[in-house]
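**Q** Using the sequences plus the hints, can you model the full thing?
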Amino acid sequence: MILDEFSPSRTRRTLSAGGRTLRALRLDGPLTGVLALIICIGVLVVYSASGQNVKMVEHQIGNVVVAIAALALLARFSTPQYLRLLAPLAYAFGVLLLIVVDVTGHIDKGAQRWLNLGFMRFQPSEIMKLAVPMLCAWYMHERPLPPAFKDLVVMALFIALPTALVAAQPDLGTALLIATSGLIVMLLAGLQTSIILMSIPVLILAAIGGWHFVHEYQRQRILTFMNPQIDRLGAGYHIIQSQIAIGSGGVFGKGYMRGSQAQLDFLPESSTDFIFSVIGEEFGLLGQLLVLSLYAFVIGRALYLAMQAQDTFARLTGGAIALSFFVYVFVNSGMVSGILPVVGVPLPLISYGGSSMVTIMAGFGILMSLHSHRKLVGS
Amino acid sequence: MVRRVRIKDHWSERRIFTFRSIVAGVIVALLLLTVASRLFYLQVVRYAYYSQLSQGNRVRIEPIPPSRGLILDRNGVILADNMPAFQLEVERDQVGNTRQLDASLERLVQIGLLDAADLPAIKRSIMSRPAYESVPIKLEMTDREMAVFALHRFEFNGIDVHTRLTRHYPFGPLAVHALGYVAAISARDLAHIDPAVYAGTTLIGKLGVERAYESELHGKPGFREVLVNAAGRPVTKEGAYHPKLKTQLPVAGSTLVLGIDVRVQRAAEDALQGLRGAVVAIDPKNGDVIALASSPAFDPNEFARGLTDKQYAALEDDPDKPLINRALAGAYPPGSTAKPYYALAALHYGVITPDQHILCPGYFRLPHSLHLYHCWKHGGHGEISMRRAIAQSCDVYFYNVANMLGIDRMHHFLSEFGFGKPTGIDIPGEVRGLMPSPQWKRHAFKGRANQVWFPGETLIVGIGQGYMLATPLQLAHAVATIAAHGHGFKPRLVIGIRPPGSTRMIRLPPRPDPPVRGITPDQWQVVYEGMEQAARPGGTAARMAAGAPYLIAAKTGTAQVFSLGKNEKYNAKTIKARLRDNALFIAFAPADDPKLAVAVMVEHASGEGGAVAGPIARKVFDAYLLPAKPETSAQKPVTAKTP
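Chains W and H, in that order, are what the protein sequence lines are. Going by numbering that gives the first Met the number 0, the first residue of the first sequence is number 0, and it counts up by one from there. Going by numbering that gives the first Met the number 0, the first residue of the second sequence is number 0, and it counts up by one from there.
Don't read these hints as lab results, they were simulated from the structure. Each residue gets a CB set at the ideal place from its N, CA and C atoms; glycine is no exception.
One-sided and incomplete, this derived list gives chain H residues near chain W with beta-carbon spacing under 7 Å:
1) 31
2) 228
3) 237
DSS-like, lysine-lysine: derived pairs with alpha carbons at most 27 Å apart:
4) H/7 <-> W/149
5) W/374 <-> H/7
6) H/137 <-> H/205
7) W/54 <-> H/236
**A** Rendered as structure tokens:
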């Protein structure tokens, strides 16, 4: 190794000691490093976007600690066998909680997404983002790939139940993300190309049919996305202000804590759903491209780890985690830049808030656990 | 049938997954590139557009109103200036919720700063404005109110005393009909002003000099860029960054110097105290208005302070009509004050010589008519020539003159002195009066019988009555024209303008009228002598002139009111209750070198012109022509603020 020739031995020892520690913790070095980098950027941006709110930053650091703990514990202590066992249990538990939430929400006559456990508030739909792909992977684990038609039907049912329950909250955005995570498993499992092609017209018809079933505000969101000017101060306000923030940032940005759109409250939800616009305004095109590159690295590394897995469950779960992460990134960045409608999806690992961060880091914990517990056959 | 059993083929499964993963990776890369190119479009291609929108979002341009120009009298005494006024203002979002706001307002009522009856209106005005805006709830607080508030200030959040500049007239009602006043900009004003020039300004000139010279007085507003957040609230910085914001200072309005002399004005108003009437004093050498008074007056400070509807209605409904500027807008029969002009006309047209005597038996009768036109003196004046006829105001002499002149020549000649047309004074609100003629009568009346001009009407016009109407301003302007041998000037209130920041006054040139031509110096002299005789013992104006150290040329007048009801709109209802004569008086002095021409009109006076109006004119002359007495020169402290 070139490194050996040029590095002083102490450094090499330290490096290899670090490597040993990572291995002992069953963490993947490059992935962990980039995730940590993204999280650090996130905390800094939250400080600016929140209007230098130290309380929010402290709370976000608390979220980070919990999320890292979730990643570390799952990576270190879970095993593929244990996770395979966990998949159906987590799914059943999540569905149960979703039913509870829907029922209490129905009684309160309003949208209800949270379950108050007393010591913390918790969003059961988050469990499903992991549980659905894991259950599908668990289901396909013993079955031959590509999935038979019967398997597809079963998986479709696995996906449809929580999707329907979340959509009923109503939280269409999360429901679509849950469905997508399941569909990713089906696609990675080798869903026949003919079925994919056939499903395209079906999806279009479903979209047209679904138009009549979604809530008025959701319909409005899509209309506003098509033409933000129709509702400048209402639903269109978010889109317009977000694009002003990004566009006025230029190539180099206005500078940290100098974004007038964010600092003067023109940009709504600047710490949460629209935090990517703050990055665009304060750090410009370069800042946003850097963040997108880091995300691309995470996705690529996660896919690579998944490809190295040795069994179906590990592969499908890992691939779904990697691609779901991409979906979050794409939906959020597409929304704030105006190429996708406004859906309440946070920017992963950067937006203020704990639920999504814990889920995502838990997912990467699972991915690392699956990767590090490979049987070293033939190597 | 044999059921096909598929077995797991790890190698092929791995290939499927790897292939799919690579396809997914490619799709991921393409979609991320889509986002990146969208960002490139927003941040590079459309950067200028969004940058401008962002700037427009955060920077609000706030106008800084200019300070209004001062108005000075001819000696530099301040007649109108700007004073800081203290007002109580509420910032709703600093007070708290609606309940706290109610409690605060209640408390202000308890400590006597607000009237409980005004609370609903005050609350409405607070709620109608944005929560961050400071809304005035009490204007012009007195020292006592300030002290009371200071004592209780700790009890209030978001309620505080703010200062703003308001118009202030140190002498109160003095010269209000010349100065006019300022008041809140009305919807009607908005139609003819440039909103950009009036941004941030709440008051505008409504009458008099304040109205006529509005554009000079107003000045040019400045502006200040203010950083605002999405709620519109001004903030000092965005995040950790203090942006540079531009400020442009306003340019104050010009200072106006009036021809008015405060001492003369005060003398005129004091003399009119308790009467309804008007005094106009003009410098015959240039048309400067030295005094312009209309009584009763009102305090213009109240308009700047903001009158309630009730207060304004009280002024409007006052039977004495203080809002009417009698000097310009009141048209009265001039009565005998018209006689000097007819005397000049008679000499000019050669219908009579100055020394030709006419018999006044106490009445005049037109040929072929039985109707008698009486002289004011029952026994008659006997044989009388022109000078004595003027001095003693013999009606019969002027019936004869009118009869010989005929209405057309009378109309033409008196029009040259400005009767029946506006004088062209530099403030609005002037009426034209009426110099009747047969042609006028044909247009003014309906029905053939009414349109005919009767010879008797000529006689009545010949003593300044009948249809003839003139404003006190026209009377003063005409007598000033006599004093100047026919070389009159358009009356003017503003004689100089001092631009902002300059100490030098730009004097406005006097505006001469077309001179009255064709009158010889001898002919002028006859009329002067007649008017001088009037002011000497035996003349009608002898009493007012007694003891004056300067020579006065005067003419008295008494006009019967009952014949003018249809033209005197504003006292039509009360005319029966006050069926008395109007007293009139015109004069100039010193007669040998005229420095001041004065016209006085007193409505429904209890005596004739010489007795009631004459002494008023005397006080005006004394104030202007005699050296100032030290104790009267500083009657009121003058508090001035320079802009």
